[in-house]
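Please build the complex by placing chain C on the supplied structure of chain P, with the hints as guidance.
2 protein chains.
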Amino acid sequence: MASELRHDQLRQRWITISDKRGKRPSDFERMSSQRFGGSPEATNRGPCAFCPGFELVNGHETFAIRDGDQADAPDWRVRVIVNKYPAVSMDYGDLQPTGEGAVFDECRLPGFGSHEVVIETPSHDLNIPELPASHVAEVLKAYQARINWFQNDPRLKFCQVFKNRGNRAGASMTHSHSQLIALPVITHNKITELDSAQEYYNDHKRCMMCDVVEHDTQSVRSRLIDENEFFITIAPFAPSFPYETWLVPKFHSSNFESIGEDEIQAMAKLLKLTLRKMDLAFGYPPYNYTLQTALLGKEHFNSSHYHWYLDIAPHLATPGGFEMGSGCYINCMPPEKGAEFLRNVEIEPQ
Amino acid sequence: MASELRHDQLRQRWITISDKRGKRPSDFERMSSQRFGGSPEATNRGPCAFCPGFELVNGHETFAIRDGDQADAPDWRVRVIVNKYPAVSMDYGDLQPTGEGAVFDECRLPGFGSHEVVIETPSHDLNIPELPASHVAEVLKAYQARINWFQNDPRLKFCQVFKNRGNRAGASMTHSHSQLIALPVITHNKITELDSAQEYYNDHKRCMMCDVVEHDTQSVRSRLIDENEFFITIAPFAPSFPYETWLVPKFHSSNFESIGEDEIQAMAKLLKLTLRKMDLAFGYPPYNYTLQTALLGKEHFNSSHYHWYLDIAPHLATPGGFEMGSGCYINCMPPEKGAEFLRNVEIEPQ
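Heads up: the sequence lines are chains P and C, in that order.
Residue numbers are given in my numbering: position 332 of the first sequence equals residue 332, and the series is strictly consecutive.
Residue numbers are given in my numbering: position 44 of the second sequence equals residue 44, and the series is strictly consecutive.
No lab work stands behind these hints: they were computed from the structure.
Please read these numbers as outputs of a predicted model, since none were measured by experiment.
Selected chain C positions facing chain P (Cβ under 8 Å, derived; list incomplete):
| hint | residue |
| --- | --- |
| 1 | Asp-19 |
| 2 | Glu-100 |
| 3 | Lys-190 |
| 4 | Asp-211 |
| 5 | Ser-219 |
To be clear about the criterion: a stretch of chain C counts as covered by chain P if any three or more of its residues have a C-beta under 8 Å from a C-beta of chain P, and this derived list gives those stretches:
| hint | region |
| --- | --- |
| 6 | 163-173 |
| 7 | 281-295 |
Computed list of lysine-lysine pairs in DSS-like fashion (alpha-carbon distance at most 25 Å, straight line):
| hint | chain 1 | residue 1 | chain 2 | residue 2 |
| --- | --- | --- | --- | --- |
| 8 | P | Lys-298 | P | Lys-250 |
| 9 | P | Lys-84 | C | Lys-337 |
| 10 | C | Lys-250 | C | Lys-337 |
| 11 | C | Lys-141 | C | Lys-250 |
| 12 | P | Lys-269 | P | Lys-337 |
| 13 | C | Lys-84 | P | Lys-337 |
The C-beta atom is built at its ideal place from N, Cα and C for all residues, glycine as well.
Pulled out of the complex, with its shape left as it was, chain P reads as follows (with noise of 0.2 Å):
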């Protein structure tokens, strides 16, 4: 078995089961025992396969930002490239859904879709913060590209943009850089955001973030972190984790694909203070960002009721067996306290 998505048809949940990122149990008994024991953060000294200079040890880029015009040549600034060991490939023809049985009938897909890196910075020491705000731009210059690319491909349905940094927060490599999954199924978060907006919009005639948006800059301020001409950054009212912080558009958006340049220099720019405020409160702490946006295809562009954001997650508590079991998550800093202690980090003019 190659790789394949098989559906949890009681949580209503995608698994991506993938083989060629598989190990035989006595890798996972490694693992554990270092884990258990105390988790050594990778060694962050250079150079690694993300540095200029692996190009073609990784394989063709997807998409690549550099003065130059020659694919794949030491030049880059920003890199995108497919994953190693990827979750899905785009290498299956048939997506007829399968299943096993009659209990499990068409529970299960190959494991089609694109995995790829997105390498922030041919420099293997920097992160996002140290970044100039024009670099971050073109970091998301590449998500949009990539976004944009997969909305050709009517398989794909839903891109999810992310970002691991740490060992704690999944990551595996030091060197900056975030990823991109494409499926063509719909995942049951995406599902459950896109029915509740709908639904808010269905009682109210008005977009729920938008609404969220006027709550937080007008009404209460007090989980307002930041804020620039086209953007803020607020403590969400029901957060999951500790210091959860999302990066909203003031103006009313569905598809982060689609904003224009000015927007994403500003965007790039928020996003930059608010990664070097979390550095310098926490001590360089691992962390996730997850980009929410529309799903793939023309259908989903400008709809009036979904409103794209960045959900940045440091990890500063464990969720346990609570939080896995229920779906609920304890949070010991309740958003005001958090959004008041992140509001006021002081931080020295770059």
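Here is chain C on its own, set in the frame of chain P:
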């Protein structure tokens, strides 16, 4: 603010915000540096606050199993207490939802509920696999007793029993223990499971999990790990985690808390065997288990469509932004291969 429940209306998820468990930002900073660099397991040296002799420090027990008849005496074998850092508490009267403006209307409840710790053994150094099966049965009976007690309070709707073992699985104490959290709301995962089970029942006029049991024991046995008279352990068809294992009653039963003596003894044996196999195979890994049983309230007794089970998940991989953002999991261990491995782990006679 002491503790409150908030509803994330976009993700349809309840969050517990507990300032009692709260930390100052500087606490997070220390925690983060420690964790990012490596996560030292809490010291395993006894005695700790869960050891006999500390009964008065921990406060009155809510339940215990002992030979004597004096509450809070140190001769217990299993002891249940209120969590010292509770996510919720019974000290709230009014359960009327409140909100904040129009956008967060009815999204707030006081942090009402019960958060208890089941100290599974007086021995500081023993875990479930090292306890006699008859003692493990007493731990399960403590779960039953507390769930049945919560049934008497009509304000409580949902109870999650769970165990965190090891720092990476969310445990802060090494002394073997599990926890219960009872809430006045029904959480997202439970709503999804109940809806799926109901829908399957409507379509097929049979219980989904009864069909899974029949399929996995008779048609396709490749995910079957172990079985005894009343229970099986299986790798689920679409597991979120490598080596995730479900312990499922072979007989139809919606309420764990109502099963009888013979069934509890059989469950204890299979639970002990499963955790022993994981300890041997993966070198004492961190893990969670969570009990998925019916909602609280007599009207949920003997449901024909819901079937309880215990979900055991060793922490051998680190979910990242993809899982957080999409709700879809990447699992690099096909369940058939994982089940074959666990089925063949050799256990010395005990």
